[in-house]
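With these hints in hand, go ahead and build the complete structure from the sequences.
Taken in order, these protein sequences are the chains called A and B.
For the first sequence, position 20 (counting from the first letter as 1) is numbered 20 according to UniProt numbering, and the numbering increases by one without interruption.
For the second sequence, position 77 (counting from the first letter as 1) is numbered 77 according to UniProt numbering, and the numbering increases by one without interruption.
Please note that the accuracy of each hint is not assured.
25 Å max Cα-Cα, derived SDA-like pairs, lysine to any residue [to be verified]:
hint, chain 1, residue 1, chain 2, residue 2
1, A, Lys68, B, Arg91
2, A, Lys68, A, Ala19
3, A, Lys68, B, Leu85
4, B, Lys68, A, Phe64
5, B, Lys68, A, Ala30
6, B, Lys68, B, Lys4
7, A, Lys68, B, Gly80
8, A, Lys68, B, Lys4
9, A, Lys33, B, Val41
10, A, Lys4, B, Tyr67
11, B, Lys4, B, Leu85
12, B, Lys68, A, Met2
Derived by calculation from the structure, the hints in this document are not laboratory data.
There are 2 protein chains.
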Amino acid sequence: MMEKLSDETRATLLDPLLATGWAVTDGRDAIHKTFEFADFVEAFAWMTRAAIWAEKWDHHPEWFNVYKRVEVTLTTHDVGGLSTLDVKLARKMDSLAG
Amino acid sequence: MMEKLSDETRATLLDPLLATGWAVTDGRDAIHKTFEFADFVEAFAWMTRAAIWAEKWDHHPEWFNVYKRVEVTLTTHDVGGLSTLDVKLARKMDSLAG
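Have a look at this one:
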C-alpha cells in the first residue's frame with residue numbers, strides 16, 4: 001500500500017524536484033509547479049500525455065489551465081499527503097515538458 | 001471584432017445557459033460551471049473535445065480538473081468581459097457533455 005513520505009526519505013526525494021521548480025504548498029502536504037508552454041496546443045498536448053500516465057498509474061493531478069499555462073498540484077488523497085506516487089508523477093511531468 | 005455583450009442581448013443569451021447550470025461569477029464579468037463525469041477518463045476525454053473547439057475558435061477556457069470534476073470559467077480577455085464567443089463555447093461544452 002501507498003504510504004506518506006517518511007521524514008527520512010522526504011528530503012532525498014523532494015530536493016531534486018524543488019530544483020526543477022516544484023514547491024511545497026502552503027498549508028497542505030502537497031507540491032505544485034506552474035508549467036508554461038509556447039501556446040494552448042502545446043500546453044494541452046502536454047496535459048494529454050501527462051493524463052495518460054496519470055490514468056495508467058491511477059494517480060491524478062489537480063491542475064488548472066488557461067491558454068499556455070498549466071498550474072499543477074500533486075498530493076495523494078488516500079494517504080492525506082505526499083507519497084512516492086507524487087514524486088513519480090512530478091518527475092514524469094518534468095520529463096514530458098522537457 | 002468581438003464585443004462585450006450589450007445589456008440588451010445579455011439576458012437573452014445568458015438565460016438558457018443559467019438554466020443548464022452556468023452561473024455568473026462574483027466580481028468578474030464571466031460565467032462558470034462545474035462538470036462532473038463518471039471518472040477521469042471521461043472527464044479528460046470531454047476536455048480534449050472541448051480543447052479542439054476552443055483552439056478552432058481561438059477562444060480558450062480557464063479550467064480546473066481534479067479526477068472526474070472539471071470547473072470551467074469563461075470570459076473574453078480581449079474585451080474584458082463576456083462576449084458571444086463565451087456563449088458559443090458554453091453551449092458547445094454543454095452539448096459535448098450531453
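Consistency of the hints with the structure:
For a cut-off of 25 Å, the pair hint linking Lys68/A to Arg91/B stands: about 23 Å separates their Cα positions. Taking the CA atoms of Lys68/A and Ala19/A, the gap is about 22 Å. The hint holds against a cut of 25 Å. Taken as a hint, the Lys68/A and Leu85/B pair is honoured in the structure, with Cα atoms around 19 Å apart against an allowance of 25 Å. The hinted pair formed by Lys68/B and Phe64/A meets the criterion: a straight-line CA distance of about 14 Å does not exceed 25 Å.
Only pairs whose Cα atoms come within 25 Å are accepted, and Lys68/B paired with Ala30/A is accepted, the gap being roughly 20 Å. Distance hint between Lys68/B and Lys4/B is unfulfilled; the C-alpha atoms sit about 32 Å from each other, more than 25 Å. Between Lys68/A and Gly80/B, the direct Cα distance comes to roughly 19 Å. Compliance with the 25 Å bound is thereby established for this hinted pair. Only pairs whose Cα atoms come within 25 Å are accepted, and Lys68/A paired with Lys4/B is accepted, the gap being roughly 24 Å.
The hinted pair formed by Lys33/A and Val41/B meets the criterion: a straight-line CA distance of about 23 Å does not exceed 25 Å. For the hint linking Lys4/A to Tyr67/B, the alpha-carbon distance of about 20 Å falls within 25 Å, and the restraint holds. For the suggested pair Lys4/B and Leu85/B, the alpha carbons sit about 10 Å apart, so the restraint of at most 25 Å is met. Distance restraint check for Lys68/B and Met2/A: the Cα-Cα separation of roughly 21 Å lies within the 25 Å cut-off, and the hinted pair is therefore satisfied.
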